[in-house]
Amino acid sequence: MSAARGGPEGAWGQFSKGVFRLNPIFVIILGLCPALAVSVSVANAIGMGAAATFVLLGSTLVVSSLMGTLRRFFSPPLYRQVQRIRIPIYIVVIASFVTIVDLVMHAWAPALHARLGIFVPLIVVNCIILGRAEAFASRHGVGASLLDALGMGLGFTLALCLLSAVRELLGAGRLFGAPVFGPAFRPALVMTLAPGALITLGLLMGLFRYRRLRRGDDGLL
Amino acid sequence: MDFFELLMIFVGVVLVHNFIFSRFLGLCPYVGVSERIPSAMGMGMAVIFVMTMSSVITWAVYEWVLVPCGITYLYIIAFILVIASFVQLVEMFLQKSVPALYRALGIYLPLITTNCAVLGVATLNRQEFFGTPGSLLKCVVQGFGGGVGFMLAMVIMAGIRERLDLADVPEALKGIPIALITAGLISMAFLGFSGLSF
Amino acid sequence: MNIILYSAAVLGAMGLLLGLGLLLFARIFAVGIDPRVERILEALPGLNCGVCGFAGCAAMAEALASGKAKARQCAPGGPAVVEKVAAILGTAEAAAEPRVAVVRCQGGTGESRKRAVYGGVPDCVSAELLEEGVKACRYGCLWMGSCARACPFDAIRMGGDGLPRIIETRCTACGRCVEVCPRGIITLVPRSQKVYLGCMSRDKGKKVKELCAKGCIACGLCALPKVTPSRKVVMENNLPTFPADWEDFGTAVEKCPSGCFVVRAGAPGRG
Amino acid sequence: MRETLRLGALLAAVCAASGLALGFVQRATQPRIEQAAARELAESLAVVLPGAAGFSGARERPLPGGGSVTFYDGYGADGRIAGYALPAERQGYQSPIRVLVGIATDGTVTGVRVLSQAETPGLGARIEETEAGESLWARIGLLFGGRGGGDAPSPRPWFLEQYAGLRADEIVLRGPAESGKGIHAVTGATITSRALTDAVRDAVGEFMRAGVPEEGRGG
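Protein chains in written order, with the numbering used here: chain A, 1 to 221; chain B, 1 to 198; chain C, 1 to 271; chain D, 1 to 219.
Same shape as in the complex, but just chain A:
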């Protein structure tokens, strides 16, 4: 990502950091639960990624504007008092957006809603969203927060797709539900089961860190 266009703080930097430098799953290592559970097929992964991104965008919009207006209209000591209950407020806002996604998906995409099952409500406790709301949205303007949220959401979805592509190809010999290798291919069923998910994610994470270590950036964790 060339830093020329606006540098890491510029618009492009804000957006692109979510995808590579600070990819939520491979680098910050948050939101593993849905990532492993849903990445059985690329279709599910895109569904979950879209849902999480929508919630991320919605909640960062509300959090950054709410905190922005509170900071402007409340006197500093009052604002510090509000800081004490900032986490419950974020939780309520995020939970509302998750309920909206739950209802909308239930109405317009019942098949996907049935397949994602309990992981739609679990977006609420997905640490990426609460993390970005707390670490970024509450401290920056609406514009920057939305870009950051979009970047993070896209990073999350891409990571999910990468993970689910590997698992669906090896585990069921299919991609988007359509067989790829023809009848002779014997799929490794373990990939669609739990162990496959954990091992694939571990290896992919190792790959990402190997790439970063070779580029001299010290592996964070």
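Treat the hints with caution; some may be incorrect.
Said to hold, decoys possible - Looking from chain A toward chain C, a few residues come up when the C-beta cut is under 8 Å (computed):
{"#": "1", "residue": "I28"}
{"#": "2", "residue": "L30"}
{"#": "3", "residue": "I85"}
{"#": "4", "residue": "C127"}
{"#": "5", "residue": "L130"}
{"#": "6", "residue": "G131"}
{"#": "7", "residue": "E134"}
What the hints assert, rightly or not - For lysine-lysine, the following DSS-like pairs were computed, each having C-alpha atoms within a straight-line distance of at most 27 Å:
{"#": "8", "chain 1": "C", "residue 1": "K68", "chain 2": "B", "residue 2": "K174"}
{"#": "9", "chain 1": "B", "residue 1": "K174", "chain 2": "C", "residue 2": "K226"}
{"#": "10", "chain 1": "B", "residue 1": "K96", "chain 2": "C", "residue 2": "K68"}
{"#": "11", "chain 1": "C", "residue 1": "K214", "chain 2": "C", "residue 2": "K226"}
{"#": "12", "chain 1": "C", "residue 1": "K214", "chain 2": "C", "residue 2": "K255"}
No wet-lab data here; the hints were simulated from the structure.
Glycine included, each C-beta is placed from N, C-alpha and C at the ideal position.
Given chain A, put chains B, C and D in place with the hints provided.
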């Protein structure tokens, strides 16, 4: 509500569908805190307590508040609000009145509010048990079993990870990646329980 | 229509009830915590995700304040948190006092009983993994010399009795030997520290007697005020612990039945 | 004390506002959810009772073994009863499997459709699997305007087809390779196959033991 069915639920949730190894719930703290056995035990006990209690509370909120008012679609917000406040109240209470227990167990409580396992078990209870006869007892068993399964996974993992630091793991895989791969192998072993039915 | 009113009413009531409950509880059960920890806690993202290995942000804040953790372990916080925490703690990795490595075990091949004949890979880490190696004592040095091989400055030589010797003039306290030793026997102490304990065994006295002639039998004699008037020695799981600036160690060293205390030859101003 | 009240009020306000917003969202989506459910039901009824033209609303009926069952009447083109459809449910490997079973008046199964299941993809989920369907490359070919290669035969769920034409006592689970009459399990998913088979057999058996329900001329 015969004992046999409860036992089936308990064994099912501890071994066959372990919350970590096959349902992928509660992985964030699992990856972080399972480095040493004492901290894994402490975390495990705290999770058992919170999951059992939150199964009861979420059942109560759902059946006594949401259903009569006909707004069961708000279950996500209601559950997370109730669980978060319950955990915070318990943490404050422990920190003040039972410091010894707080150091052993209480410090893990904040970790549990944002833990997928607790909200996960509440949502699973709602999906599978709410509305059926004797649902409260089933929810409690599922919550307790989930916690026991979580602790079992934590302690096994901590035992292995203590030895893992001594093994020479390739530089890129050190830390969390190797922990995930190890967890994958353990979960393969747990697959052995899937045929378990009596 | 009433679903909307009900939703707003029930959620509003829950918010009020739980909010007030929490805030009142916070007042009743207020527990004073060190202001520095509080400021660090505010700098951390407050996510309680546990990825740093600590049990939530409060535990991480305390660890940071007491220097047991590095800010970069907080992955979600990223560089922003690292700067803020460093600013609060004011530690830009302050140049610590020069240090040196010491071997906290005197159980050589002569003093310590063997438990098995070890024919495996001559390396401490492998020995440790293979049912804790050749030595009966589970805490003592395994004589395989991994530290000597790991030392980039050739400051460690394996002695005839199997124990590593630290050549203090060459030691730069890089910590390689500390990392490689599977039992953490080698540690870095400030060069001004005159004495250190040559034993790591947390076993009870009776068991240590059977295993090693030089082992600490946790008699607690060195901790007695009569022997150490400054009371700087405290017994903790069968081993004496003491700060680096312990001065009145003369009588303790003499009186110790197994002669566990080692007085460093190179320590300046030896008493 | 004032501060506590103020913060409590702020939290309550945020919660009430979100409750209000969600109420409106719920009112907007509720009809669509019911509509989708109704459409799903109608579709399932048509699949399990192919011969029937019209269906009655849900009807309730006590069972000899206790409890009751809701079921639907299926009417032929001539208005006479052509068969019944009844839901059945059984815990599968990792999720409850809900099915709809169509029965002719003489008790033979006319069709089975899975309403919902979340079994392991690639294993348990294959109870709903249709023939392979066209491969990815064929689909990409279609994408870029390739000839459609004739529309592939509408893919049929091979496992569920086995139930058609069997009476309750004939529904017995066989190994995937075993010969003879009965239901051949999906390889590697015996638990799911057995759950489904038991659910269908018990539902049909119990329903038929209660005799043919009296003629209830529904909608």
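Structure-based check of all given hints:
1. I28: 5 Å, holds
2. L30: Holds, about 6 Å.
3. I85: This hint holds: I85 (chain A) lies near chain C, its Cβ roughly 7 Å from the closest one there, short of 8 Å.
4. C127: 5 Å, holds
5. L130: 6 Å, holds
6. G131: 5 Å, holds
7. E134: 5 Å, holds
8. C:K68 / B:K174: Holds: K68 (chain C) and K174 (chain B) sit about 20 Å apart, inside 27 Å.
9. B:K174 / C:K226: 49 Å, violated
10. B:K96 / C:K68: Roughly 25 Å separates the two Cα atoms, so the pair holds.
11. C:K214 / C:K226: 23 Å, holds
12. C:K214 / C:K255: 14 Å, holds
Hint compliance for this structure: hint 9 alone is broken.
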